[in-house]
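**Q** One letter stands for each residue in the lines below.
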Amino acid sequence: MAAEKAEMDALKKECDGLRAQIEAARKAVNDNTMSGAAGGVASVGRVQLKLRKTLKGHLAKIYAMHWSADSRQMVSASQDGKLLVWDCFTGNKLVAVPLKSAWVMSVAFAPSGNLVASGGLDNICTVYNIKAASPKTLRELDAHTGYLSCCRFLSDSEIITASGDTTCCLWDLETGKQKIMFTNHIGDCMSLALSPDMNTFISGACDSLAKLWDVRDGACKQTFSGHTSDINAIAFFPSGNAVITGSDDCSCKMYDLRSDQEVIGYQDTSLNAGVTSLALSSSGRLIFAGYDDFNCHIWDSLKGEKVGVLSGHDNRVSCTGVPDDGMGVCTGSWDSFLKLWN
Amino acid sequence: MTIRNAIRDHGQRYRPRMVCLKKAEKVLLEMQDPRTGVKSQPQRLVITTIPHAITGEDIIAWLADRFQVDPQEARSFGSMLVALGYIYPLQDHKRLVIKPDASLYRFQTPYFWPTQQWPVEDTDYAIYLAKRNIRKKGILELHEQEQYNRLHKWMNHKWDFIVMQAKEQYRAAKERKKPDRVVFECQERAYWVVHRPPPGTVSGMDYGLERRIDPNADETKTPDFYERIMIFTQQSIMRPRVKSSVSIGALVKYCTTYNSHDPFLSKCLPSNPWLTDDVTLWSLNRLYVDVPTKMRVERWTFSFGELLSDPIGRDGFRLFLKKEFSSENLAFWESCEDLKWGAAATMKEKAQQIYKTFLARGAPRWINIDGKTMEITVSGLRHPHRYVLDAAQTHIYMLMKKDKYGRYIKSPVFKDTMKKAIAPEEHKFTDAQLEQNARNRRPSLSPIILRQQEEEQRAKMAASAPVDITQLCRFTTPVPHLAVYSGITDSPSATASPSLPFLAHTPACPSPISVALDSNSASERRGEASEGGAEGNHEARGPARGSVSKSRVALSLRRLLKRGCTPSTMFASLSPKCHSAAGTSSRIQPISPDEPSQAPPRRIGNFFQIKVDIPPECRIYPIESEDEDEESRAASRGGVGAKEIICPWESLTPHNGTG
Numbered sequence: 001m002a003a004e005k006a007e008m009d010a011l012k013k014e015c016d017g018l019r020a021q022i023e024a025a026r027k028a029v030n031d032n033t034m035s036g037a038a039g040g041v042a043s044v045g046r047v048q049l050k051l052r053k054t055l056k057g058h059l060a061k062i063y064a065m066h067w068s069a070d071s072r073q074m075v076s077a078s079q080d081g082k083l084l085v086w087d088c089f090t091g092n093k094l095v096a097v098p099l100k101s102a103w104v105m106s107v108a109f110a111p112s113g114n115l116v117a118s119g120g121l122d123n124i125c126t127v128y129n130i131k132a133a134s135p136k137t138l139r140e141l142d143a144h145t146g147y148l149s150c151c152r153f154l155s156d157s158e159i160i161t162a163s164g165d166t167t168c169c170l171w172d173l174e175t176g177k178q179k180i181m182f183t184n185h186i187g188d189c190m191s192l193a194l195s196p197d198m199n200t201f202i203s204g205a206c207d208s209l210a211k212l213w214d215v216r217d218g219a220c221k222q223t224f225s226g227h228t229s230d231i232n233a234i235a236f237f238p239s240g241n242a243v244i245t246g247s248d249d250c251s252c253k254m255y256d257l258r259s260d261q262e263v264i265g266y267q268d269t270s271l272n273a274g275v276t277s278l279a280l281s282s283s284g285r286l287i288f289a290g291y292d293d294f295n296c297h298i299w300d301s302l303k304g305e306k307v308g309v310l311s312g313h314d315n316r317v318s319c320t321g322v323p324d325d326g327m328g329v330c331t332g333s334w335d336s337f338l339k340l341w342n
Numbered sequence: 001m002t003i004r005n006a007i008r009d010h011g012q013r014y015r016p017r018m019v020c021l022k023k024a025e026k027v028l029l030e031m032q033d034p035r036t037g038v039k040s041q042p043q044r045l046v047i048t049t050i051p052h053a054i055t056g057e058d059i060i061a062w063l064a065d066r067f068q069v070d071p072q073e074a075r076s077f078g079s080m081l082v083a084l085g086y087i088y089p090l091q092d093h094k095r096l097v098i099k100p101d102a103s104l105y106r107f108q109t110p111y112f113w114p115t116q117q118w119p120v121e122d123t124d125y126a127i128y129l130a131k132r133n134i135r136k137k138g139i140l141e142l143h144e145q146e147q148y149n150r151l152h153k154w155m156n157h158k159w160d161f162i163v164m165q166a167k168e169q170y171r172a173a174k175e176r177k178k179p180d181r182v183v184f185e186c187q188e189r190a191y192w193v194v195h196r197p198p199p200g201t202v203s204g205m206d207y208g209l210e211r212r213i214d215p216n217a218d219e220t221k222t223p224d225f226y227e228r229i230m231i232f233t234q235q236s237i238m239r240p241r242v243k244s245s246v247s248i249g250a251l252v253k254y255c256t257t258y259n260s261h262d263p264f265l266s267k268c269l270p271s272n273p274w275l276t277d278d279v280t281l282w283s284l285n286r287l288y289v290d291v292p293t294k295m296r297v298e299r300w301t302f303s304f305g306e307l308l309s310d311p312i313g314r315d316g317f318r319l320f321l322k323k324e325f326s327s328e329n330l331a332f333w334e335s336c337e338d339l340k341w342g343a344a345a346t347m348k349e350k351a352q353q354i355y356k357t358f359l360a361r362g363a364p365r366w367i368n369i370d371g372k373t374m375e376i377t378v379s380g381l382r383h384p385h386r387y388v389l390d391a392a393q394t395h396i397y398m399l400m401k402k403d404k405y406g407r408y409i410k411s412p413v414f415k416d417t418m419k420k421a422i423a424p425e426e427h428k429f430t431d432a433q434l435e436q437n438a439r440n441r442r443p444s445l446s447p448i449i450l451r452q453q454e455e456e457q458r459a460k461m462a463a464s465a466p467v468d469i470t471q472l473c474r475f476t477t478p479v480p481h482l483a484v485y486s487g488i489t490d491s492p493s494a495t496a497s498p499s500l501p502f503l504a505h506t507p508a509c510p511s512p513i514s515v516a517l518d519s520n521s522a523s524e525r526r527g528e529a530s531e532g533g534a535e536g537n538h539e540a541r542g543p544a545r546g547s548v549s550k551s552r553v554a555l556s557l558r559r560l561l562k563r564g565c566t567p568s569t570m571f572a573s574l575s576p577k578c579h580s581a582a583g584t585s586s587r588i589q590p591i592s593p594d595e596p597s598q599a600p601p602r603r604i605g606n607f608f609q610i611k612v613d614i615p616p617e618c619r620i621y622p623i624e625s626e627d628e629d630e631e632s633r634a635a636s637r638g639g640v641g642a643k644e645i646i647c648p649w650e651s652l653t654p655h656n657g658t659g
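Heads up: the sequence lines are chains F and R, in that order.
Going by the UniProt record's numbering, 81 is the number at position 81 of the first sequence; the sequence numbering is gapless.
Going by the UniProt record's numbering, 68 is the number at position 68 of the second sequence; the sequence numbering is gapless.
A hint or two may mislead.
What the hints assert, rightly or not - Mimicking DSSO-like on lysine-lysine, the simulated pairs with C-alpha atoms at most 30 Å apart in a straight line are:
1) Lys243/R <-> Lys56/F
2) Lys22/R <-> Lys303/F
3) Lys56/F <-> Lys267/R
4) Lys137/R <-> Lys158/R
5) Lys136/R <-> Lys53/F
6) Lys415/R <-> Lys13/F
7) Lys179/F <-> Lys348/R
Honestly, the hints are just simulated from the structure, not real lab data.
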């Protein structure tokens, strides 16, 4: 017993030593702060967005939504067991996909617009072809041992999924098999985001860490710590060099990939609700963060200030998304409505 | 399908998130401070007075002052405190919100705070309901009655215990002083409103689906845990880091550069469709238009990646490279992208084709990469996978970026493009017009129709432009993706594979052979003289029309042979079945390109000709039917490109069709 304890203590000490080293390395390159660099940038002022449309059609909590690459269509998933594909310009529902399992937690649109994937407590990521006469199940990707929290398409032949079994996975849709498994997290992976060049992706997990993975070799390249609770939402800065995370500890943080450290935090003492979802405007200047307090707050990413709020939902904002052309923002909530703002 | 996380909760629904609750508690303690907290006043009931009641407006004012926020935000914060159960309303106790008036609230006793982490058990709820029933029959609300009956059924085995407990508590309560009793009853009632909300109300305790990891539990520490951290940290330390001034500066620069392109921060021209319901902006900015907008052209100057990801930008760049006789770089880059994102079934053939065209000694479009990269790439090609060409692709990308890109942006061609770009005027709609727009909202064109329109347009351009003999009919080209980098017409069907949105348009790629032909057939080159505009689509010069072009090609081939040029896979025969563009047909095309529906092209075993076939990966999605898919796959297995150039791995792939 004593020997084991001694061994553990030695390991712990070595670990701490290494941690100190990495902190020192990070500090060495830390010759400027965001407030210093962004000092000369003009403020965005108060961002007042108006509600443009409310999309009604779901009957239960909406858990996830995702914009299509054409910036007009959008898919949303709700626990009433339906995926709805909307044309946001007209407000029409284009396709309704009935789900085998109503406990859906995530939905994704393929960049081509042909496929839609969803998954949840059934541990399976189901890929549907929505361009067929009636939505057909293309593949059922069943190898995770925990719930599916997030999925994103790389193309029509590959998809990455994040699961509550603490792993992320790259699947080949043509064979329906796993290609690479990304294991390093020690808590449920709650969300993932693809880099603009699609060579890497980041995942946020319940161990309060965000990890950067390389799609090609399956290795974890960088880890970012700083949060004190589950990371629920994660997104790439549009240039691909920074990462924004949102967590249950009521704060968001921006991490810079190249200098490997946290750059700025977005928190406010008056905000006492966890962040459920994140989206960035096309220039990266505005961060739209959905919170448990039924609102979506808008942050200035460079200055770290709150510059606006989108209120109108009657329950938690569970998902947020900005389309590729950046024309507006969509928030989905547990009150079963999706709202478009701009 | 199994739902492994199904929870039969029987009331264990709410496991609050501690972090937010702990923060709320800090605020609560401040609020309760006798000096700096919220002012309290006594509540007067009929004969009793109960101290420490606070009004809604006082709470809101205190919060607004404490956090320096406007009253609206203070109100939502206050409502959150009520919803979580830290403050409860004395009147209208079922609605857990803060009212900005004189309605009274009271602080909940810490005994009932959610952070106490008691599982909110059904047993306790049953006791509570029973107690109320004993106190006064008929006092339970409808939903409470339903719950009571349900619990009675589920907990029948414990019911005696529950009733006994209820009676005990009721008796004990009677012995308290009136004010205490009233307060305790209110507190208990408030606690249960929070944890067993009436139907139709939103519960602040609702936290969604259960997570596997308990956020409040400590992590287990094992040696393995530490080892993993150490390995990772060591690797991490060795990674090169960029000075934060540089990288943060880059982030700031990105924001400021794209500021004018961000619809939230700058005006959209002509108008934001979400605001005015007018889709001009979208139609001007479609992926393939004749004339791009000024904003779009400006984006190409921001970074090389932006230029390459826009098909129109890429076209202009391609033409520029053609003039500089270095278009093989872009063609190689495109073929690498194709390999990365294309279907897995054809990866091997694609990799082989790329090697033959770009990398082998004496390849027709040899790219200039350094020896080491070439070594890595060639050895990797023995076992091709999606990322095998990454190193080479990065090298070529940087080459283009450092040298060609800068020159392109400064070139007169580009400046001309910029001048000709559209700068739309801002829309100024009256209210009536806006209403009209809203009424006229139309759903977007189906992608099938869009594709058909593109093909029609391409066919139109092809018909009008003179034929270029190096541009071949799309039905004779091999795998459309291969066409990209073998200098053959990029068939429009390539764009039909929707997973490759950036697959290029017609490349008018010069190869050494075509340069040689240039001097021969100047007239045929006329079509390419118009680089001045350099805008939009340089549509396919194919599909060649009928026999006229065929004879022309035959003539040039003979001439070429006389010159003794090495024939290469680039030369495919013109199939006599050279159909005109499918776009002219009025049928709506199915998603997969229409080649499979036509007769398979003839395979002529000529020295110059490669066996062509319609590639299976055009049928990327087994949408139509599984049988067709297999059919075409079987067909293609028989026909792979003829091997004029020996590949280093040929011996390793005996299963290869021609092997």
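**Q** Determine for every hint whether it applies to the structure shown.
**A** We went through each hint and held it up to the structure:
1. Between Lys243/R and Lys56/F the alpha-carbon distance is near 49 Å, which puts this suggested pair outside the 30 Å criterion.
2. Proximity of Lys22/R to Lys303/F is assessed by CA-CA distance (about 27 Å); at most 30 Å being required, the pair is judged to hold.
3. With a C-alpha separation of about 29 Å, the suggested pairing of Lys56/F with Lys267/R holds against the 30 Å cut-off.
4. Note on Lys137/R and Lys158/R: the hinted pairing holds, with a Cα-Cα distance of about 21 Å set against a maximum of 30 Å.
5. A hinted pair counts as satisfied when its Cα atoms are at most 30 Å apart, and Lys136/R with Lys53/F does not qualify at roughly 49 Å.
6. About 62 Å separates the Cα atoms of Lys415/R and Lys13/F, which puts this hinted pair outside 30 Å; it is violated.
7. Using a Cα cut-off of 30 Å, the hinted pair Lys179/F and Lys348/R holds, with the two alpha carbons roughly 17 Å apart.
In terms of the numbered hints stated before, the structure departs from hints 1, 5, 6, listed from lowest to highest.
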